[in-house]
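Protein chains: 4
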Amino acid sequence: MYSFRNDYSEGAHPKVIEALTATNLIQTCGYGLDDYCKEAADLIRHQCAAPQADVHFLVGGTQTNLIVINSFLESYECVIAAHTGHVNVHETGAIEATGHKVCTAYSPDGKVTPQMVEAVVAANTTEHMVLPRMVYISDTTEIGTIYTKAELQALRACCDKLGLYLYLDGARLASALTAEGSDLTLADLAALTDAFTIGGTKNGLLFGEAVILTNDLPKAHFRWHMKQRGAMLAKGRLLGIQFKALMSDDLFFEVGRHANANAVYLRDGMTELGYDFPTASPSNQQFPVLPNSVILKLQDLGYAFETDHVVDDTHTCVRFVTSWATPKAAVEQLLKDLAAC
Amino acid sequence: MYSFRNDYSEGAHPKVIEALTATNLIQTCGYGLDDYCKEAADLIRHQCAAPQADVHFLVGGTQTNLIVINSFLESYECVIAAHTGHVNVHETGAIEATGHKVCTAYSPDGKVTPQMVEAVVAANTTEHMVLPRMVYISDTTEIGTIYTKAELQALRACCDKLGLYLYLDGARLASALTAEGSDLTLADLAALTDAFTIGGTKNGLLFGEAVILTNDLPKAHFRWHMKQRGAMLAKGRLLGIQFKALMSDDLFFEVGRHANANAVYLRDGMTELGYDFPTASPSNQQFPVLPNSVILKLQDLGYAFETDHVVDDTHTCVRFVTSWATPKAAVEQLLKDLAAC
Amino acid sequence: MYSFRNDYSEGAHPKVIEALTATNLIQTCGYGLDDYCKEAADLIRHQCAAPQADVHFLVGGTQTNLIVINSFLESYECVIAAHTGHVNVHETGAIEATGHKVCTAYSPDGKVTPQMVEAVVAANTTEHMVLPRMVYISDTTEIGTIYTKAELQALRACCDKLGLYLYLDGARLASALTAEGSDLTLADLAALTDAFTIGGTKNGLLFGEAVILTNDLPKAHFRWHMKQRGAMLAKGRLLGIQFKALMSDDLFFEVGRHANANAVYLRDGMTELGYDFPTASPSNQQFPVLPNSVILKLQDLGYAFETDHVVDDTHTCVRFVTSWATPKAAVEQLLKDLAAC
Amino acid sequence: MYSFRNDYSEGAHPKVIEALTATNLIQTCGYGLDDYCKEAADLIRHQCAAPQADVHFLVGGTQTNLIVINSFLESYECVIAAHTGHVNVHETGAIEATGHKVCTAYSPDGKVTPQMVEAVVAANTTEHMVLPRMVYISDTTEIGTIYTKAELQALRACCDKLGLYLYLDGARLASALTAEGSDLTLADLAALTDAFTIGGTKNGLLFGEAVILTNDLPKAHFRWHMKQRGAMLAKGRLLGIQFKALMSDDLFFEVGRHANANAVYLRDGMTELGYDFPTASPSNQQFPVLPNSVILKLQDLGYAFETDHVVDDTHTCVRFVTSWATPKAAVEQLLKDLAAC
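Residue numbers (this note's numbering), protein chains in the order written: chain A, 328 to 668; chain B, 328 to 668; chain C, 328 to 668; chain D, 328 to 668.
Rather than coming from a laboratory, the hints here were simulated on the basis of the structure. Just so we're clear, the structure is a prediction, and the values are computed from it rather than from any experiment. Honestly, I wouldn't trust all of these hints.
No distinction is drawn between identical chains; accordingly, a pair holds when it is met within one copy or between any pair of copies.
To be verified - Below 30 Å or equal to it, Euclidean Cα-Cα: the simulated DSS-like pairs (lysine-lysine) are:
no.	residue 1	residue 2
1	Lys546	Lys488
2	Lys488	Lys365
3	Lys488	Lys624
4	Lys476	Lys546
5	Lys365	Lys624
6	Lys663	Lys546
7	Lys663	Lys476
The shape of chain A in the complex, shown without the other chains:
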């Protein structure tokens, strides 16, 4: 049975594998200074309408978050995040390991609002407290919700008012930008954030996150930060080759749309079967509440998916994730099997 555990259960999109194979024996210099990286960066700058932006390619998400955040912050400065934020919950204290506190605000839908930011700033006013200096958001959020352009503009205005940087973690950005109700573009992100990432790992690459720096502050020495944290890939070309393929021929968005289409199909099918989704998600992560008995039956059938949280003695909220690789037939079969539960 198909695994809906996550969006990195397979290798890479066939076009990415092809690109890696085709270039395998070509010699390049190392550490991301090759032409593939330059071309991929140019493609990204072009699609972001951000000719002045710096683009760097890193391997993974936690690595990227700790480096970007640390590259902006002074020792005594902290980053603000939703309590559900990846940097707060699922990175084993990676940000703190670089010396920075993550100050959190409770967020029912995984999104950060100006009100939350203002409350954290208002509570940290003297040298006895950390100095809030950056807002971390993720799009899609960890629970599948997405930001609208108006929401992002409001956050930008709030950050400008309070002297904060705005950083957007785009690990699932393709899903976010192609989701129902999305009105954001790559160019919007480049215009409204100080830095953001375009996630590859969860969108068809073997691995890879592109960092787009629009704020000048960390530009000059970002590669020093990368190297110091062990994030400079010797064969950096691998990232350039993959991102060049991903950002060409609409592949980035095509992959996002494919994942979303299957997720929405799954969501709507489950809704018809009477299952509830406590948080409305238009993206490739869906969180239905299932009776524990149903969960056991699906697992017996060989389905894989993750548990999110216990709802009550007999119900659990679980997570189904779709990706570039999810066949529509797998979702159809799941719905059929669910109907028979």
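Given chain A's structure and the hints, the job is docking chains B, C and D onto it.
What follows is chains B, C and D alone, placed relative to chain A:
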């Protein structure tokens, strides 16, 4: 013209690419908990004759060094290295960024001796100084030399006497173990060190370092260390698949032998042409002294290689590196071109 | 007018000044290895009924917290605290600057309960999250409440069950142990915690915190931790001399009782005048809610005290602190002035 | 017998004790925001002819060094020091614990020269290496030598050329500025460095280092750095009161002259007795070579002093230190006893 700049100028050995392609659409769980990683770890344990060892797969060398070293050391403890050691010179202070001092000893041949270790320990005796607790060595060293079994046994005895851990960075281990004069085996390394690595990046993989932990200390929570430093690859399977291919059918050693054969051919040919090698290297890095005029001619011909250090006003010591991908014909052509200089 | 801003507005208790003056020209060795430190440590061990405990003397509270916590924790481990905990709010991210996350639980009365601890542990279960390993509590808490013996025993049992260390920050310990309703002794603290501190700064010394380590783990190299963080006082004798004076002739408790008596007198007087105390405090910090108009009048009269939080548009919760130096007459005058407001 | 072990064997200069006693019961606000600190800072700014400088008061030297250095450096930047530098040898890796590498140059006399600085900078040129960004010097040096104005000007010019900050650790600055051959003033230091310290601990205070920041970079948030590292004294007044006394009525220099006079008397007397001083020191630390038999005899007589290094099988280089508290009679007695050895 061929680039002798390093041993990571190409992608991966064809067998590795094949393995990645063949498994691309198979679903596995993430973060290195898949069966490919298990099989690769079992192969390594078997070849190391170390059934109790823990094996982890990481992406790059600096990342691996900072995690392994930090997983052994308390805050106030330091690691001892040759002044030429990679952790001292070429990792942008990655070890210090985890809070640990690198205490160095001057080493003319890049190797650490018991005498050097004893001197550092003797100089750090109270709580006003860092506490030496680990010895870092690399094999091959950064200047191409290799350790003999007797040398490694002497270091082990010294470490036992002084209560130190011994860690061997095997970024170029295949070249070391298959070099002229080598009498070390993977099993020797597992028996004589507390931790060592088997480098993949410089030996035919796209990327990847295997960490072999024989000392129990860091075993229980090594994955926490990995995740905190951003070193847990989401599609960890990529490391398992590659290392499974590398450790099967003698490929690891075959690749090392191929690189060494070409390096020795290059060295002997240059020696015949009258060029000097200040440090005798039996491995895949060769450091001849060339007249600057010759260097310019080679560069004009399109050869790529790195400068190591200035010898005098008219001579420079340079580095030529061979790999699994170096064709013998490329070396022959180089020697021909050199002879014509 | 008297300042009720804090319990460190004056210098030191006269007996402490005398001790410093009397010993001023005696030569001792440095760094806390002198006889005064030994005698003070012996006095503390004796009063704690903990002959095996290690005792160290440090200068300040934040310094002490960051060193003690880091001396117990591995890189990936975190400390649990109340959301009001000093280490979470008022140390400018000092714990995070040593690399450790502070995981918090919401606590209405500033105390940590086993339920809170269990909830944090239950939420951090894999290598993608930090590993909870220590509970931080303060007694008195930051809002003046104190722990009972039963509460501390319950926390100890919880920590034992979950494999956690228990650390008690005793910056205001004298006030806690001598407060109404306290049934804890120094010996109880030594028996029930892995480490705790006896605060001097807020209890009549010029400065100084004594750390009592009952758990063996950090004993061997605690002085390395101290030195590395800049916490080893050259003239360590100053700490020994002061703590020797403080722990002799009941001075430690006498000072606590004096501060508490004035605080309770102030509290009861204000209560009679109709003012409300949202959190009941038996110790030397009192948090009444005052009309803003009254606050302004008191400030006009020259009284100093800190604002805690806004209650509504016309009321603010403020903090009055008493100490060894607070004259009863100053409290009487304050109550008289308040009555006239 | 008198202890020549160090210059912090006694408490404080009587004038300092008097000042602390006289102000003991006066209430002030905490954390160095009191009037005594303001007055002391003004005195220092005046004597430094540096009205724009920021002055902060910290407790100890290692604490001060780690905070000042970290307040100037980005994560990937390093500080250059002599191999004998306090930050390299005697601070238990305190600088590395804040994440920064200390790059050293071998210095026979403990001083850093422009040539040394240039060599370190020349060796660290890419993102694979740390970026040198500050030069750390101490005056007096750890082996008693002092900088001339010409030397400091040359270092300043070198730092300007290379874009480096210059930081001078003045733990023994009073001795340096009043030594034979010194032509430097406090105003020179303020003009030629980006930051320097005026040491109190080794010059008659109970404790305390004044940091003078002339470079604007760390000014705005230096107190955040202090608090985060546990270096903000609650009763900060103690530092203000002491430094006010020290910087009044020429006491700072008087104390330095007293210590130096006794040191030079000791040095000249020992020279007459035929003992050798490998490094010429004009300051309050003297390093004679003594036969081991003589060392034993002195120790039997009750003299205390530290061993510096072994010279040969029968001779050791030792250290004698004088201070504000050293009576001339103690030196006379020592010379008499030596003559009788």
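Structure-based check of each hint:
In this assembly of identical chains, the alpha carbons of Lys546 and Lys488 lie at most 30 Å apart whether taken from the same copy (23 Å) or from different copies (23 Å). With identical chains, the CA atoms of Lys488 and Lys365 are never at most 30 Å apart, being 35 Å at best within one copy and 33 Å at best between copies. For a Cα distance limit of 30 Å, the shortest separation of Lys488 from Lys624 qualifies neither inside one copy, at 53 Å, nor across copies, at 34 Å. Taking CA atoms no more than 30 Å apart as the test, Lys476 paired with Lys546 passes inside one copy only; the shortest distance there is 26 Å, against 38 Å between copies.
For the homomeric pair Lys365 and Lys624, the shortest alpha-carbon distance between copies (28 Å) is at most 30 Å, but the shortest distance inside one copy (50 Å) is not. With identical chains, the CA atoms of Lys663 and Lys546 are never at most 30 Å apart, being 52 Å at best within one copy and 44 Å at best between copies. Taking the shortest Cα distances, Lys663 and Lys476 never come within 30 Å of each other, neither inside one copy (37 Å) nor across copies (59 Å).
Figure legend: structure checked against the earlier numbered hints; hints not met, in rising order: 2, 3, 6 and 7.
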